Amino acid sequence: MIEIKDLHKSYKMGSNSLHVLKGINFSVEEGELVAIMGSSGSGKSTLLNILGMLDELDEGSYVLDGVPIKNLNETKAANYRNKFLGFVFQSFNLINYKSAMENVALPLYYQKVGRKERQEKALKYLEQVGLKEWATHLPNELSGGQKQRVAIARAMAAEPKVLLADEPTGALDSKTSYEVMDLIQKINDQGNTILIVTHEPDIADMCKRIVHLKDGVIIEDKKVEQVRAAQYV
Amino acid sequence: MFSRDNWKEIFETIQKNKLRTFLSGFTVALGILIFVVLFGFGNGLKNTFSKFFEDDAQNIITLFPGQTSKPYKGYKSGRRIEFDNSDLEDIKTNFPIFLEYITPRISRNGMVKYKNESNNYSTRAVAPSHQIAEKTIIMEGRYLNVNDIKGKSKTAVIGRLVQKDLFGNKNPIGEYIDIAGSAFKVIGVYQDEGGDDEERRIYIPYTTRQLIEKNTDKIDQIIVAFRPELGYAGALALDKGITEFIKKKKYIDPDDQNGLYVRNVAEGLKQTQQMAFVLQMIVGFVAIGTIIAGIIGISNIMVFVVKERTKELGIRKALGATPKSVISTILLESVFITTVFGFIGMIIGIAILSSMGDKLKDRFITDPYIDMPVAIGATVLLIVFGALAGYIPAKRAARIKPIVALRDE
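These protein sequences, in sequence, are chains H and A.
Following the working numbering, the numbering of the first sequence begins with 25 at its first residue and continues without gaps.
Following the working numbering, the numbering of the second sequence begins with 85 at its first residue and continues without gaps.
Read the hints as simulated data drawn from the structure, not as lab findings.
Check before you lean on any hint, since a few could be wrong.
In silico lysine-lysine, DSSO-like type, Cα no more than 30 Å apart, as pairs [stated by the list, open to error]: (1) H:140 with A:92; (2) A:395 with H:185; (3) H:136 with H:36; (4) A:395 with H:107; (5) H:156 with A:92; (6) A:479 with H:122; (7) H:100 with A:391; (8) A:485 with H:29; (9) H:136 with A:219; (10) A:100 with H:156; (11) A:485 with H:107; (12) A:135 with H:94; (13) A:254 with H:100; (14) H:136 with A:395; (15) H:238 with H:185; (16) H:136 with A:199; (17) H:100 with A:408; (18) H:122 with A:100; (19) H:136 with A:254; (20) H:122 with A:92; (21) H:136 with A:92; (22) A:485 with H:36; (23) H:36 with A:100; (24) H:199 with A:395; (25) H:107 with A:408; (26) H:140 with A:395; (27) A:219 with H:107; (28) A:395 with H:148; (29) H:107 with A:332; (30) A:254 with A:219; (31) H:94 with A:485; (32) H:36 with A:408; (33) A:254 with A:199.
Some residues of chain A that are not near chain H, with every Cβ distance over 10 Å (derived) [what the hints assert, rightly or not]: (34) 96; (35) 177; (36) 219; (37) 280; (38) 401.
From a predicted model like this one, the values you see are computed outputs, not experimental measurements.
By construction, the Cβ of each residue, glycine as well, lies at the ideal position given by its N, Cα and C atoms.
Okay, chain A solo, but in the shape it has when bound:
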């Protein structure tokens, strides 16, 4: 079946029937090409969605104080809840096995000056572990450390764009900037993948901020990072545990939805991933539809090819071609064409995807790609079904009596 002679016969047939070869080849190549590109775009869509979350750590639960809406244990409703340093310590001691790190955050907006330059920036007073939560990348100098917190030092880490605005090309490290009337020494410059806004911020020790604000111990928000190995279920459990704990400590009615807000990144991430998954399913569905259309296309062509060749097959049979050799002639030809053109389509599709990169980022498609096994699997699927589609008419053709086939004009 696979002798050199057979192949030679098939190649000759292919060469001498260029239009037929082109038509069936084109169908297959196009089918695979569209499949690969669509599937790749689906992946690109998923990439974009995960990138939304990538600029921050994903094991974060953020607590925001609110205002009670129900009276509880003698307290009136409408009471404003505040966090303070003791809450940090209490969470640390009560949930040690869940916790990776914890950091407060106190946000203030204010005028920041350096020599003649000034601008309004948001200043975040935080603990050193905030760097991990926000995925802050230090470009120059260093981030805040434990000593800054303990010493309540007036040190600041500024964003890349803050540096650009205030210092131009000058090295800001060691320079002093004026934040709302206090002089802070710049100890580092950072960048952040979260976009321009995230790079127009200034980080200072939270203890320093509390000292400036009349030595208070109040905190705006508490950011809790759980151990990633806890997974989604663990995150939900911790979320619930901390919520109950804080509500109890602050005398908030357990049913009061407004006293305390908790944002769990894991939850949002899961929802987004689900949405991306659904989107990919839809794209995948369309892609599979394309493959099916390709299979139907190749089947049609095979039926046509066999019809067109009926007389030739009759001649061959009169000359001594066995049914087996008739089937194998047709099948090998079709498999050969689908294989060659299928892989051509696949390679062109992959080439298109890899040349795309970030070009369609505005259309929510980032780095589209397709896994090789998926691409090859789809191609093989088309080849197999192409062969199957060819087998049925080929078998029928092999069964036609040569006398009938010869009469066919």
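The following block holds chain H by itself, in its conformation from the complex:
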């Protein structure tokens, strides 16, 4: 599903440049649930942003579902993001003047799905995350966990190849974190490929594979026995 070879990325900070990713080789199969771990500054978010086409790589190659991702213009990147990727952010990033349902329907709007179908699909995904009765509520009327579930429903609504989550539980307490992880595991059980950036070991243990980043290189890449979040809920 994802093939990364010899990936380099550096940021210019004034006159000196900061080499963040120093040759990453990494691949993900369909249906995997991968945790990318590392302390802050290890380059894990940068990796996720490049995977999410939110940022460009300097060197190396990136192939997503057989499509080489390089030299994308903005429009093409937008179309690929819309078609291939779903995003879940630490700070939820819901549009605050749109209801839960409208937020979930937004990626479908950019897929040019008709209005009616959009609403039906949005409701379907909200139901999956257990928030159907909250469909008409605005984000500020929802709790943090609910917001993140809406964000997950939104990421899933476009039926992406890969779901990318950047610290999805970073702003949540542990109980809510486990609820969200339970939801992510269930989505993974249905065969969806998911990548999660996190620095919390207990969250990482709930994935099937852990990739450790340190100073811009992978120092460890291991399959783990998945801890089911359901038992904590």
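Given chain H, work out where chain A should sit, using these hints.
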């Protein structure tokens, strides 16, 4: 770009961001409103100026006799010049292609009596065509005619206020009034838009006046009307021609400024129109300034709006919004708001102007109005520049990487 879905998305955004919508809408509406009202007032000012001249015909040259200030051809200076009937005939025969009509005027003040009522009025002895020159409007009866002139009849046309003073509500037609000792039959009542003074006059045949004054043939003033199609240049040429002719006939030094006075309405009218034009230019300048201020206002708001929405746009881009759709979202929203509020401002402005009418007449503003193309043009200008002003920040916003936009808190 213009699908129903897009509009729905835009309407929702507008509805849910009422303050933002109101702020930008208010700026635009106010800008257009002030523009329309100012421009309308400018036109009202121009109207007032043209009205000053409207109560008299505008193709008039009036000749006044003066007193010479230079000796010429054996005549001493200080000689009083007088016009007589032959001058009328000479002007008629010498300038036939220029002339529309010509009339003398002999003005006298005197006591006018009817039964027990009496008052002092100015009496003008004239020819029938004086009616056109003065734009006298007959309310009842008739004006002087050729037969009155030929027959030197003692007939009088009195002003509306003369009737009011002397006759009250009584019908004056056919009654006799006493003008400086002679009985005149009232044959008509007139009104004049030139104000009260113009309606406190009495018109009698000039021949009658000359008969009363010991059968003289002297005239006070000569009023010459030129053909309007001659235009301003023709009027000046005629003015010059007649001046030269009269000066020659009356033996006045061509350089003597005091022997003969000529007043050319066309000249005064042109000057006044120029002044009104300058005034309108100034008002127009202020109005255009308002529009520019409006454009700057809407630009500021657009920059603010885009800044405020940076994160939202980042989210949209992460969800698959193309740069084009980001730009069109912002632009359509701004164009929609400027269009709706622009036309609201325009309509309110026009409503204010049309309700004004004569209310500000004392302030020299009469019937302010604005031509629809000007009003619509200004509105469209604001819309276009509003869109342009929105396009630049929108384009910048579309180019921001979603990752940067998402970091924006």
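Taking the hints in turn, this is what the structure says about them:
1. H:140 with A:92: It holds: about 13 Å lies between the C-alpha atoms, which stays within 30 Å.
2. A:395 with H:185: Holds: residue 395 of chain A and residue 185 of chain H sit about 25 Å apart, inside 30 Å.
3. H:136 with H:36: violated, 37 Å
4. A:395 with H:107: holds, 21 Å
5. H:156 with A:92: Between residue 156 of chain H and residue 92 of chain A the Cα gap is close to 23 Å, so the pair holds against 30 Å.
6. A:479 with H:122: holds, 24 Å
7. H:100 with A:391: holds, 24 Å
8. A:485 with H:29: Measuring from Cα to Cα gives roughly 24 Å; hence the hint holds.
9. H:136 with A:219: violated, 72 Å
10. A:100 with H:156: Given that 30 Å is the threshold and the Cα spacing comes to 22 Å, the pair holds.
11. A:485 with H:107: Holds, at roughly 18 Å.
12. A:135 with H:94: Given pair residue 135 of chain A, residue 94 of chain H is violated - Cα atoms ~75 Å apart, limit 30 Å.
13. A:254 with H:100: violated, 93 Å
14. H:136 with A:395: holds, 22 Å
15. H:238 with H:185: holds, 27 Å
16. H:136 with A:199: It is violated: about 96 Å lies between the C-alpha atoms, which goes past 30 Å.
17. H:100 with A:408: Within the cut-off at roughly 11 Å; holds.
18. H:122 with A:100: holds, 8 Å
19. H:136 with A:254: Not OK: residue 136 of chain H and residue 254 of chain A at ~86 Å, beyond 30 Å, violated.
20. H:122 with A:92: holds, 13 Å
21. H:136 with A:92: Satisfied, since the Cα-Cα distance of roughly 13 Å is no more than 30 Å.
22. A:485 with H:36: It holds: about 16 Å lies between the C-alpha atoms, which stays within 30 Å.
23. H:36 with A:100: violated, 39 Å
24. H:199 with A:395: holds, 29 Å
25. H:107 with A:408: holds, 17 Å
26. H:140 with A:395: Between residue 140 of chain H and residue 395 of chain A the Cα gap is close to 27 Å, so the pair holds against 30 Å.
27. A:219 with H:107: violated, 82 Å
28. A:395 with H:148: Answer holds: residue 395 of chain A to residue 148 of chain H is near 27 Å, not above 30 Å.
29. H:107 with A:332: violated, 99 Å
30. A:254 with A:219: holds, 25 Å
31. H:94 with A:485: Distance ~16 Å between residue 94 of chain H and residue 485 of chain A Cα, so the pair holds.
32. H:36 with A:408: Satisfied, since the Cα-Cα distance of roughly 28 Å is no more than 30 Å.
33. A:254 with A:199: Holds - the C-alpha atoms of residue 199 of chain A and residue 254 of chain A are around 12 Å apart, at most 30 Å.
34. 96: violated, 8 Å
35. 177: holds, 87 Å
36. 219: Non-interface label stands for residue 219 of chain A: nearest chain H Cβ at 66 Å, farther than 10 Å.
37. 280: holds, 66 Å
38. 401: violated, 6 Å
In this structure, the hints that do not hold are numbers 3, 9, 12, 13, 16, 19, 23, 27, 29, 34, 38, in rising order.
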